[in-house]
Amino acid sequence: MKGIIFKEFYISRKRIYISIATYLFLTLLCILVKLSATFGNIRLLDKEAVDSTVTITFYFFVFGLLLSIPGMLVNNVSSDLKSHWSIYQRTLPFSEKQIVSAAYISNVVVLLVMNVFHTLMTAVMCALFNKTFQLYYIGVFLVASLLFFVFNAIIMFAFYRFRDPKKAQLFYGAVFTLVYLAFAFAFVGRIYEYDAMGRKEGARLAAQQGLPADAFPPESFQIQYIKEDIHSLAKFMQKFWWAIALLFIAIIILLFFASVKALARPADAVKPSKEKEKTKQSFFGSPRRQKAASEGDDD
Amino acid sequence: MSDYENAIEIKNLTKRYDGFTLDNISFNVPKGSIMGFIGQNGAGKSTTINTILNIIKADSGEIRVFGKDTRTADVQIKQDISAVFDELPFHEQLNAKALDRILRHIFSHWSSEAFFGYLERFQLPVKKKFGQFSKGMKMKLQIAAALSHNAKLLIMDEATTGLDPVVRNEILDIFLEFLQDEDHSILMSSHITSDLEKIADSVTFIDKGRLLLTGYKDEILESHGVIKCSKADYENIGKGDIISARISDFGVEALVSDRQSISRKYSGLVIDHTTLEEIMLFYVNREKKEWC
Chain X
1 MKGIIFKEFY
11 ISRKRIYISI
21 ATYLFLTLLC
31 ILVKLSATFG
41 NIRLLDKEAV
51 DSTVTITFYF
61 FVFGLLLSIP
71 GMLVNNVSSD
81 LKSHWSIYQR
91 TLPFSEKQIV
101 SAAYISNVVV
111 LLVMNVFHTL
121 MTAVMCALFN
131 KTFQLYYIGV
141 FLVASLLFFV
151 FNAIIMFAFY
161 RFRDPKKAQL
171 FYGAVFTLVY
181 LAFAFAFVGR
191 IYEYDAMGRK
201 EGARLAAQQG
211 LPADAFPPES
221 FQIQYIKEDI
231 HSLAKFMQKF
241 WWAIALLFIA
251 IIILLFFASV
261 KALARPADAV
271 KPSKEKEKTK
281 QSFFGSPRRQ
291 KAASEGDDD
Chain H
1 MSDYENAIEI
11 KNLTKRYDGF
21 TLDNISFNVP
31 KGSIMGFIGQ
41 NGAGKSTTIN
51 TILNIIKADS
61 GEIRVFGKDT
71 RTADVQIKQD
81 ISAVFDELPF
91 HEQLNAKALD
101 RILRHIFSHW
111 SSEAFFGYLE
121 RFQLPVKKKF
131 GQFSKGMKMK
141 LQIAAALSHN
151 AKLLIMDEAT
161 TGLDPVVRNE
171 ILDIFLEFLQ
181 DEDHSILMSS
191 HITSDLEKIA
201 DSVTFIDKGR
211 LLLTGYKDEI
221 LESHGVIKCS
231 KADYENIGKG
241 DIISARISDF
251 GVEALVSDRQ
261 SISRKYSGLV
271 IDHTTLEEIM
281 LFYVNREKKE
291 WC
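Those sequence lines, one after another, are chains X and H.
Numbered according to this note's numbering, the first sequence spans residues 1 to 299.
Numbered according to this note's numbering, the second sequence spans residues 1 to 292.
Derived by calculation from the structure, the hints in this document are not laboratory data.
On a predicted model such as this, the values are computed, not experimentally measured, just so you know.
Note that the Cβ used here is the ideal one computed from N, Cα and C, for glycine as well.
Check the hints yourself; a few may be wrong.
[As the list claims (entries may be wrong)] Sample of chain X residues with no beta-carbon within 12 Å of chain H, all distances over it, derived:
# : residue
1 : Ile138
2 : Asp214
3 : Ala245
4 : Phe248
[Unchecked claim] Heads up, incomplete: computed chain X residues facing chain H, CB under 8 Å, no partners named:
#  : residue
5  : Gly3
6  : Ala49
7  : Ser83
8  : His84
9  : Trp85
10 : Ile87
11 : Tyr88
12 : Thr91
13 : Leu92
14 : Ser95
15 : Phe151
16 : Asp268
Turn these sequences into a full structure, and let the hints steer you where they fit.
In structure tokens form, the structure reads like this:
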């Protein structure tokens with residue numbers, strides 16, 4: 001299994017290097033902003049602007065840089081299919097469980113290393129930005145990492161299941177669109193709720209102060225409601241991050257077994273695409289061999 | 001694992017597809033021998049090989065490798081099997097050095113020394129990415145990898161197709177070296193019957209999913225023969241005595257499967273020795289019986 005894990009990292013190494021470089025570049029940028037706020041041009045702004053710049057930069061580092069993690073995750077099922085490795089690996093002395101495990105272990109390693117590294121970097125940045133290190137940060141890092149892992153596991157499952165890039169992309173594209181739509185509908189629904197709540201509150205205040213009913217437009221309360229929601233969400237995360245983490249872990253375990261089952265199906269269990277069927281029917285086999293044959297390079 | 005007679009035993013293997021059936025195939029690859037697996041495109045060679053390797057699942061029948069059922073001892077068996085396909089199964093961004101590091105951790109008997117030795121022998125670069133390799137280089141690389149983990153069984157699906165004769169010859173020599181160890185066996189599917197004639201001990205010939213011939217190559221070549229005669233002489237030969245006949249303006253060539261009895265039956269007829277290619281050609285046209 002060590003060999004497959006090495007292969008996973010070797011194939012993904014360029015993407016990992018780019019993600020690490022992006023992470024380090026953005027970290028450097030955050031440090032430069034802080035230095036500028038202490039010694040440079042940003043210091044010349046008014047105190048409130050300096051404080052908010054420093055705070056935004058700090059939180060950008062703590063939470064925003066988590067977005068560089070997905071680029072470091074390992075997922076080569078698509079290139080395994082393209083390079084015919086997926087067929088070759090069936091001739092190797094590994095069970096399907098071991099093959100899927102190798103991909104999952106590679107991802108766990110990346111996430112563990114990144115979580116530890118980002119936690120240490122956050123501790124350093126807390127010292128630099130004069131902020132207190134909050135323990136729930138670790139929970140948020142873990143939840144974010146697991147969320148990325150869930151998305152990656154869905155993509156891997158799609159390739160193991162369909163063994164055809166187009167069908168796999170269609171599958172995970174549909175899953176992600178559904179997730180996005182669910183959040184989008186929830187958000188739009190909440191905006192309508194803000195509006196209804198704002199109308200009610202505006203009418204109540206207007207009646208209380210003897211003003212016309214439209215004296216307080218509902219939009220004027222929206223920001224307050226959004227702030228309250230974000231605050232509630234943050235509180236929920238602080239309190240129940242472990243529950244969300246457990247939910248994600250459960251999804252990952254389910255996807256692992258589904259992937260093993262999908263991979264265990266023999267190669268001919270997957271219906272070939274029409275393009276492939278055409279190729280199979282042709283006398284000389286693959287288009288490349290047809291070309292070679294036409295050039296007299298085939299027997 | 002050494003107390004087995006046949007490296008591969010296939011009994012009544014059947015696999016049905018829409019429009020194609022691999023029908024009740026049975027043959028053995030004796031330990032320490034090389035078997036040529038021939039048949040035209042779409043005959044079912046790759047299907048058979050893929051079922052041996054458990055890449056696809058047979059509908060019925062039994063496959064034993066090193067005496068063990070592949071359905072139950074698949075992972076254990078694969079440590080001692082090497083498969084070579086007509087397409088390079090390694091990522092294009094890999095190079096030989098990286099491949100060595102991968103396969104070293106996959107096969108318990110992997111020998112980096114042997115692998116780099118083969119690379120040197122085949123004049124393959126160690127640091128060049130596989131994406132920049134030619135077809136011949138890719139095939140040589142696959143063979144180098146296949147021979148470097150002390151596998152007991154080498155299964156090749158059209159491995160020498162697309163290689164020039166010099167390289168093919170070199171590779172055939174390596175296969176013969178590989179067979180010096182009496183525990184080693186090879187199953188090799190190929191269109192290039194001349195290669196098989198050169199190195200195969202036994203031959204299995206399938207057509208349209210059905211087994212036509214299996215046995216020792218020398219016996220097959222010895223028993224078969226090609227009658228070369230005029231059209232008038234051909235008319236006197238019973239159609240049941242021939243596999244099929246090629247009729248041209250210059251005369252008739254007809255394949256017979258029992259040269260000695262035919263020669264006794266039709267004295268005076270010229271029956272030449274034949275080749276695997278001719279056998280394949282005449283058998284493929286057996287349903288037409290007469291062809292041009």
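- Item | Residue hint His84 (chain X), partner chain H, criterion CB-CB below 8 Å | holds, 4 Å
- Query: Per the CB criterion, is Ser83 (chain X) less than 8 Å away from chain H?
  - Reply: Since chain H brings a Cβ to about 5 Å from Ser83 (chain X), closer than 8 Å, the hint holds.
- Would Ala245 (chain X) pass as off the interface with chain H, using Cβ distances and a cut of 12 Å? Since the minimum Cβ distance to chain H is about 32 Å, Ala245 (chain X) lies beyond 12 Å and the statement holds.
- Restraint satisfaction for Tyr88 (chain X) [CB to CB of chain H, less than 8 Å]: holds, 3 Å
- Message: So, as I understand it, the hint says Asp268 (chain X) touches chain H; can you test that by seeing if any CB pair is closer than 8 Å?
- Response: holds, 4 Å
- Agreement of hint Phe151 (chain X) with chain H interface, Cβ distance less than 8 Å: With a minimum Cβ separation of about 23 Å from chain H (threshold 8 Å), the hint on Phe151 (chain X) is violated.
- Task: Report holds if the minimum CB distance from Asp214 (chain X) to chain H is greater than 12 Å, and violated otherwise.
- Result: holds, 65 Å
- Message: If I take the minimum Cβ distance from Ile138 (chain X) to any residue of chain H, is it greater than 12 Å?
- Response: holds, 33 Å
- Query: Any CB of chain H closer than 8 Å to the CB of Thr91 (chain X)?
  - Reply: holds, 4 Å
- Message: A closest beta-carbon separation below 8 Å is what the hint needs, so does Leu92 (chain X) meet it against chain H?
- Response: holds, 6 Å
- For the hint on Ser95 (chain X), does the least C-beta distance to chain H fall short of 8 Å? Ser95 (chain X) check passes; min Cβ-Cβ to chain H is 5 Å, inside 8 Å.
- Message: Would the hint on Ala49 (chain X) be counted as holding, given a Cβ-Cβ threshold of 8 Å to chain H?
- Response: Hint violated; Ala49 (chain X) Cβ to chain H Cβ min 48 Å, cut 8 Å.
In summary, the numbered hints that this structure violates are 6 and 15.
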